[in-house]
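Going down the list, the protein sequences come from chains A and B.
Our numbering applies: residue 1 is where the first sequence begins, and numbers increase by one.
Our numbering applies: residue 1 is where the second sequence begins, and numbers increase by one.
Read the hints as simulated data drawn from the structure, not as lab findings.
Among the hints, erroneous ones may be present.
[Claimed, not checked] The calculated lysine-lysine pairs, modelled on DSBU-like cross-linking and capped at a C-alpha distance of 30 Å, are:
1. A:K233 with A:K223
2. B:K49 with A:K224
3. B:K49 with A:K187
4. B:K297 with A:K130
5. B:K39 with B:K297
6. A:K130 with A:K193
7. A:K237 with A:K223
8. B:K39 with B:K49
9. A:K223 with B:K297
10. A:K243 with A:K224
11. A:K130 with A:K243
12. A:K243 with A:K233
[Said to hold, decoys possible] If you want the footprint, here are the derived chain A segments under chain B, 3+ residues with CB under 8 Å:
13. 29-41
14. 79-93
15. 140-154
Cβ coordinates follow ideal geometry from the N, Cα and C atoms, glycine included.
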Amino acid sequence: MTAYIVRRLLFIIPTLIVISIISFIIIRLPPGDFLTMYMSTLMEEGAEINHELIEALRRQYGLDRPAYVQYSRWIWGILSRGDFGYSFEWGQPVRALIGERLLLTMVISVGSLLFAWSIALPVGIYSAVKQYSLPDYIFTFLGFIGLATPNFLLAIIFMYIASQYFGTGAGGLFSPEYADAAWSFGKFVDFLKHLIIPLIIVGTSGTASLIRITRANLLDELKKPYVEAATAKGLSKARRVLKYPVRVALNPFVSSIGFVFPQIVSGEIIVSVVLNLPTTGPLLLRALLAQDMYLAGSFVLMLAVMTVFGVLLSDILLAWLDPRIRYD
Amino acid sequence: MGKSVSGDEMTPKEADGSVMPENGVTPGDEVIFLAPPWKLMWWKFREHKLAVAGATVVLIMYCIALFAGFIAPYGATQRMRQPLAPPQIPRFISDDGFSFRPFVYGLKGELDRTTFERVYVPDTSVRYPVEFFVRGAPHKFLGLIPTNLRLFGVPGGGTLYLMGTDRLGRDVFSRMVVAAQISLTIGLVGVFLSLVLGIVLGGMSGYFGGAVDNIIQRLIEILRSFPTIPLWMALAAAMPPFWSPVMVYFAITIILSMIGWTGLARVVRGRFLSLREEDFVIAARLSAATEARIIRKHLLPSFTSHIIASITLSIPRMILAETALSFLGVGMRPPAVSWGVMLQDAQNIYSVVMAPWLMLPGIPVVVTVLAFNFLGDGLRDAADPYAGLN
Chain A
1 MTAYIVRRLL FIIPTLIVIS IISFIIIRLP PGDFLTMYMS TLMEEGAEIN HELIEALRRQ
61 YGLDRPAYVQ YSRWIWGILS RGDFGYSFEW GQPVRALIGE RLLLTMVISV GSLLFAWSIA
121 LPVGIYSAVK QYSLPDYIFT FLGFIGLATP NFLLAIIFMY IASQYFGTGA GGLFSPEYAD
181 AAWSFGKFVD FLKHLIIPLI IVGTSGTASL IRITRANLLD ELKKPYVEAA TAKGLSKARR
241 VLKYPVRVAL NPFVSSIGFV FPQIVSGEII VSVVLNLPTT GPLLLRALLA QDMYLAGSFV
301 LMLAVMTVFG VLLSDILLAW LDPRIRYD
Chain B
1 MGKSVSGDEM TPKEADGSVM PENGVTPGDE VIFLAPPWKL MWWKFREHKL AVAGATVVLI
61 MYCIALFAGF IAPYGATQRM RQPLAPPQIP RFISDDGFSF RPFVYGLKGE LDRTTFERVY
121 VPDTSVRYPV EFFVRGAPHK FLGLIPTNLR LFGVPGGGTL YLMGTDRLGR DVFSRMVVAA
181 QISLTIGLVG VFLSLVLGIV LGGMSGYFGG AVDNIIQRLI EILRSFPTIP LWMALAAAMP
241 PFWSPVMVYF AITIILSMIG WTGLARVVRG RFLSLREEDF VIAARLSAAT EARIIRKHLL
301 PSFTSHIIAS ITLSIPRMIL AETALSFLGV GMRPPAVSWG VMLQDAQNIY SVVMAPWLML
361 PGIPVVVTVL AFNFLGDGLR DAADPYAGLN
């Protein structure tokens, strides 16, 4: 087990290096840099452009250096000082801008995953045990709809229903009176209340695919001879389903976290733009459009790091659950 | 998988069972044993009712996209003078009873004196019959033949907004029909590109094995652990604003396939590895067949059905991705119309509350994705027609 974890951890290192390079390349892709964007905005507004100032700024931010120098400086800053660079647009260090937003994205993503699990496991088991029953058909149907509906559409519909029938907005994570307040018990309760709708919206597609996976796996498992043997020996129905088949069917369930989690993080990004949540999505979109490269790059990097560790966690969990994997 | 009828008939257990005639084969079985693989696949596919329904819907959707100009009563960018008009539903029943020809009432725009918002009320004094094959705005039939003939419409100064109009007074239904062209084809082109990448890299991985396999597999793992939307957003935001819609279209297909290939590469590699060990491949090799002949005659045919099935399942993912990107404003841009571009109008809560019909372009997205998923599931089950045999 330890050897497996060590091997898995070692593999993380090249992964992280590749991810950081990809993140840096894609934010460097657009022609020009933040200052050319800034200049064109100034020109549109008809303001005077001080070319010397622009050049000075370019030198100061190191934008005149070759890409690999910029990359190594950026990475070195992150590794040595936790300094993610400077946001040109906001005039603030990136770390100050992304910290809380990334945390909230993580809270929503992990929460959505837990939500997806808590729904998918019982529903999946029920659907498999009572295959082709009316509830099974209903769950299958709902699952398909959940898979096919893009979650931003779901967010719009929720917003519409909330404002039309309940007279409240579904957006935001805090009520206005708590938005800028320090954390307190009241703010926490308020936060939890606002969290429910995003969790449902973000978790839906993941829930749908997890239900299908659980159902299919459990169905395969229930056909196996050992279940028949258990029935013949007179085990109660609950016991002969829950004791072994569910445990075995759980394996792919855990390994699927690997691909469901990145999917959930992706979903959170779009949904947060629609619902205007103070998480990664809206700021990332803005940073990308403004070519605010260190801000955008740090977001992409940290989101990828987050999912990589999510996948790592699921792999370790799986190895712990299933001995066949660690000795592979 | 074993629930299909022909699948059960095929099982050798029943074929050599004691109740069978002397040779153990009924005339019905003979048909099955002699049927070529594609026939078995078709029989198996046909039994999957949802898949057949999915195939029908997909076919209809692509026909709509093909004849979009003819089906849409108005042009996609044609502006009427009635912005945010509500949908007009064709009626059959009026005060003077039932009429076989559907009609719509006229639409009167009024300014609400208190809110200063424009409100529309149906003008029941005027009735416009909905007619087929009417002359409307000019368009090119199949993109080639200039014509002004449209499938239906209301002649004589009336309007027919089946799904209302948008902020600029453009007919939502017409736009939705025309948008199908971009939304439905972008998945096809994107899947084609990922297929090329997937077959080349997955094939290399499965064929060479060893270090090449290792590197490609690790690369796939890394790409798959990336959350796709931020990556796509970053790539899409890098498109220069002056690019033409055609360039943006192809750039998006490339962006989507840069991640989409990983799934297909895995399928190709997996099939390659498992087929290499199959008896018939070893037999062919022992009979001194060349490597090229083995790939062409033995591997490819047993490959294609699986590839087609997984392609069908990747198309809806691409459609969803394009919709999401365009919705965020980093995908297709106006004046190009796709369902995602249209849904951008529904992005803020005020317009959704004022004009809920702006959410309607979400319906074709859901329907298409569902249909493709059903079709893909059916194809995947049918892809292995011999599964019931062992």
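Can the restraint linking B:K49 and A:K224 be considered satisfied, given a maximum Cα separation of 30 Å? Distance of about 27 Å is within 30 Å: holds.
In terms of beta carbon proximity below 8 Å, does the stretch 79-93 of chain A have 3 or more residues touching chain B? violated (count 0)
Check the hint pairing B:K297 with A:K130 against an upper bound of 30 Å on the C-alpha distance. 44 Å, violated
Review point. Between B:K49 and A:K187, does the CA-CA distance stay at or below 30 Å?
Key: 52 Å, violated
Q. Between A:K130 and A:K193, does the CA-CA distance stay at or below 30 Å?
A. At roughly 34 Å apart (the allowed maximum being 30 Å), A:K193 and A:K130 break the hint.
(request) Could you grab the alpha-carbon distance between B:K39 and B:K297 and see if it respects the 30 Å cut-off? (result) Cα-Cα ~18 Å, so holds.
task = Below or equal to 30 Å on CA atoms is what counts here, so check A:K243 against A:K224.
result = Measuring from Cα to Cα gives roughly 14 Å; hence the hint holds.
inquiry  = Need the status of pair A:K223, B:K297: alpha-carbon distance at most 30 Å?
reply    = 36 Å, violated
Do at least three Cβ atoms from the stretch 140-154 of chain A come closer than 8 Å to Cβ atoms of chain B? holds (count 8)
### Cβ contact check, 8 Å cutoff: the stretch 29-41 of chain A against chain B, three residues minimum
This one holds; 3 residues, not fewer than the three required, reach chain B with a Cβ under 8 Å.
Exercise for review: Decide if the proposed pair is consistent with the structure: A:K233 and A:K223, CA atoms, cutoff 30 Å inclusive.
Suggested key: 16 Å, holds
task: Mind checking the alpha carbons of A:K130 and A:K243 for me, to see if they're no more than 30 Å apart?
output: Given that 30 Å is the threshold and the Cα spacing comes to 17 Å, the pair holds.
Of the numbered hints stated above, those contradicted by the structure are hints 3, 4, 6, 9 and 14, listed in ascending order.
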